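**Q** Next come the chains, spelled out residue by residue.
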Amino acid sequence: MNAGEKAFDRRPWLLLSPALLSIVALVVVPMSFILVYSFYVNIDLAVDRAAFQFSNWKELFQDSYYHVAIWKTLRMSVIVTILAAILGYIPAYFIAMTKFRHRWLLLLLLILPFWVSFIIRTLSWIHILGNQGALNGLFQWLGLIDAPLSMMYNETTVIVGFIHVFLPYMILNVYVSLEGIDQNLEPAARTLGASPWQAFLEVTLPLSLPGLAAGCLLVFVLTGGSYVTPLILGGPNDFMFGNLIHDAVVAELNWPMGATLSFTLLVILGTVVMIYSRFIGLNQLSKAFR
Amino acid sequence: MRAWRMIRFYTILVYIFMFAPIAVVLLLAFNSSQFGGFPIQGFSLRWFYRLAENEAIVRAFKTSLSLGVLTALVSTSIGVLASLALVRYKFRGKDLVTTLLISPVLVPETVLAVGLLIFLRWLHMPRSFLLLLLGHSIIALPFVVLVVQARLVGIKKEYEEAARSLGASPVQTFFAVTLPLLMPAVFAGALFAFTISFDNITATIFWRPTGMETVPTQIFGMLRNSVSPEINALGFVMIVITVGVPLLAGGLARYFSRKKT
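Keeping their order, the protein sequence lines are chains E and P.
With the working numbering applied, the first sequence closes on residue 290, and no number is skipped along the way.
With the working numbering applied, the second sequence closes on residue 1261, and no number is skipped along the way.
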C-alpha cells in the first residue's frame, strides 16, 4: 500500500460509484428538473416552452380542485395509516410472542403478499365486494338479498384495497421492533405487581414504538403517492393527488403542470419523511430486512 | 389467557383478510363460466389455453420477463458493490450515502416517474425499454442494498483477511471468499429485484413507450371493462411465478444444504 491510500481510501468510492452515479443521474437530477419544469409554459398537447413564470403555481394555489385533492389525499393517508396500525399491531404482537413451534410459517405468510402482484391483489377485491363477488353470492345464497348490493367503487373499497396491500409493511415493521425486546421484561414487570395490560402498556408498547412509527411512515407515504388503487377500486370522485399527476402527464400531456403537481406531492410527503427522520432516524426502516 | 386467545383469533382473522382475496383469484382461474366472477359453474382449464393464444398477453409476458431479469442483473450488480463499500469500509459521509441509496424508496414513485420522464424529455430522448430498465433498476436498488447489506454484516471479515494474508488480491478474495458466502443474499436480492420489476405498474405507466405493455399494464388495460376470466388465469400464472419460484428455490436450497451436512 502506498502512502496516498492512507490519507484517502478510494476503494469504497470506487465500489459506490455505479450506484451513486445512477442515483444522482436518475433520481437527484430529475428531482431538480421537476422544479425547473414547473416554471415552463404549456402551449399545447405535449408542447411546452422554457420560461420562468408562475402560471402553473398560480393555478395550483388558486384552483380549489387541487386543494380538494390535497385534502382528500392527506385524509385518505391518515385513515389508512391508523387502520393499518390498529389491524397490524396485534398480529405482529402475536407472531413475536407466540410459543407456536412453526412461527417461521407465520413469518413466511407475512412476507408472501409482497411477492403477489400488486394489481392482482387490488383487483381481487372486485371478486369479494363486486356485484358478482363472493359476498353478494353468499348473501343471495342465504336468501338475505334478492338483487346484488352495490358495494364497490367508493371510498371504502379504496381504503380496503390500500390496507390490504400495505398491511404487511406495518406488521413486519412492528414485529421487528417487538422481536428485539428482551422477553424477560414483561414477566419482570408482572412480578413487580403490574397487571398484564399495565405491563404491556408501560413496557412493551413504548419499546415497540419505533417499529410502529416506521410502519406508519411507510404506509402513509405509500398511500399518499398512489393513484392506481383509486383507479381500480374507486368511483369518479375517489381521486387522489397522484391521479391529478397521472391525468396531467399521461392524459393531458401537460408536462409543466405535471411537474408542478409532482413537486408539490414531493414537498408534502417529503416533509413527513423529514419530520420522521428528525425524531426517529431512517435506519429504523432498514431493520425489517435483517 | 382469554386475552391471548382473543389475540390469536384476531391474528387469524387478519391472515384471512390478507389471503382470502388472493385465494379467490386462484380459485376463479379454474371457473368454466364465461364471466370472471361468481358463481362457480365448473372446473375448466380453458382460460389458460385462451391466455396462451392471446398474442398481446404473451407479448406483455415476454416484455415483463426480460425486463425483470435485466433489472435483477443491473440492480444486483451495482447493489452488491455498494453494499461492500458500506459494510467493509469506514469513510466520511457514510450516512449521507446511505440516505441517497435508499432515497428511491422515500420519493413517491409517481414523482420519481415524472421526474425521470421530464429529465429525458429535456434531453430529447424518447421513452424506451432502456428507460424502463434503468427506472426499474433504480426502484429495486434500495431493496437489493438492504438485503445484501444485512447478510454481509454477518460474514466475518476474518475470512477475507485470511485470504489476503495468504496472498490473494482483493479481487481474488472477493470472487473466491466473499461472493460465495454472499451468494444466498445475492440470489435473494436478485429475486426481490425481479419481483419488484415484474410487479411494477405505478411508474411503468409513465415510462413505457407507446404500444409497449408489461403484464401489469396489460391487466390494467383489460380491467377497464370488468374482470375477465382470462385475468384470473393470468393472475394465477403470475402468482405461481413470483411466489412459487422463490419458495421452490428456498426449499431446494434448504434441502441441499441439509444433505451436505
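To be clear, the hints were calculated from the coordinates, so they are not data collected in a lab.
Small disclaimer: the values here were computed from a predicted structure and weren't measured.
No residue lacks a Cβ here, since even glycine has one placed at the ideal position from N, Cα and C.
Please note: incorrect hints may appear among the correct ones.
Straight-line C-alpha distance at most 20 Å; calculated EDC-like pairs for lysine to aspartate or glutamate [as the list claims (entries may be wrong)]:
| id | chain 1 | residue 1 | chain 2 | residue 2 |
| --- | --- | --- | --- | --- |
| 1 | E | Lys99 | E | Asp48 |
| 2 | E | Lys287 | P | Glu1055 |
| 3 | P | Lys1062 | P | Glu1213 |
| 4 | E | Lys72 | E | Glu59 |
| 5 | E | Lys72 | E | Asp238 |
| 6 | P | Lys1094 | E | Asp9 |
| 7 | P | Lys1090 | P | Glu1161 |
| 8 | P | Lys1090 | P | Glu1158 |
| 9 | P | Lys1157 | E | Asp9 |
| 10 | E | Lys58 | E | Glu202 |
| 11 | P | Lys1090 | E | Asp182 |
| 12 | E | Lys72 | E | Glu155 |
DEER-style ranges, computed between Cβ atoms [to be verified]:
| id | chain 1 | residue 1 | chain 2 | residue 2 | range |
| --- | --- | --- | --- | --- | --- |
| 13 | P | Val1153 | E | Thr98 | 24 to 34 Å |
| 14 | E | Gln183 | P | Val1153 | 43 to 53 Å |
| 15 | P | Gly1251 | E | Val78 | 52 to 62 Å |
| 16 | E | Ser64 | P | Tyr1049 | 50 to 60 Å |
| 17 | P | Ala1176 | E | Ile82 | 44 to 54 Å |
Residues on chain P that point at chain E, a partial pick, calculated with CB under 7 Å [claimed, not checked]:
| id | residue |
| --- | --- |
| 18 | Ile1007 |
| 19 | Met1018 |
| 20 | Ile1078 |
| 21 | Ile1138 |
| 22 | Thr1195 |
| 23 | Val1227 |
| 24 | Ser1228 |
| 25 | Gly1251 |
| 26 | Tyr1255 |
**Q** Next, verify each hint and record whether it holds.
**A** Going through the hints against the structure:
no. : hint                             : result
1   : E:Lys99 - E:Asp48                : violated (63 Å)
2   : E:Lys287 - P:Glu1055             : violated (43 Å)
3   : P:Lys1062 - P:Glu1213            : holds (10 Å)
4   : E:Lys72 - E:Glu59                : holds (18 Å)
5   : E:Lys72 - E:Asp238               : holds (8 Å)
6   : P:Lys1094 - E:Asp9               : holds (13 Å)
7   : P:Lys1090 - P:Glu1161            : holds (16 Å)
8   : P:Lys1090 - P:Glu1158            : holds (17 Å)
9   : P:Lys1157 - E:Asp9               : holds (18 Å)
10  : E:Lys58 - E:Glu202               : violated (50 Å)
11  : P:Lys1090 - E:Asp182             : violated (30 Å)
12  : E:Lys72 - E:Glu155               : holds (10 Å)
13  : P:Val1153 - E:Thr98: 24 to 34 Å  : holds (27 Å)
14  : E:Gln183 - P:Val1153: 43 to 53 Å : violated (23 Å)
15  : P:Gly1251 - E:Val78: 52 to 62 Å  : violated (41 Å)
16  : E:Ser64 - P:Tyr1049: 50 to 60 Å  : holds (52 Å)
17  : P:Ala1176 - E:Ile82: 44 to 54 Å  : holds (52 Å)
18  : Ile1007                          : holds (5 Å)
19  : Met1018                          : holds (6 Å)
20  : Ile1078                          : holds (4 Å)
21  : Ile1138                          : holds (5 Å)
22  : Thr1195                          : holds (6 Å)
23  : Val1227                          : holds (5 Å)
24  : Ser1228                          : violated (11 Å)
25  : Gly1251                          : violated (11 Å)
26  : Tyr1255                          : violated (15 Å)
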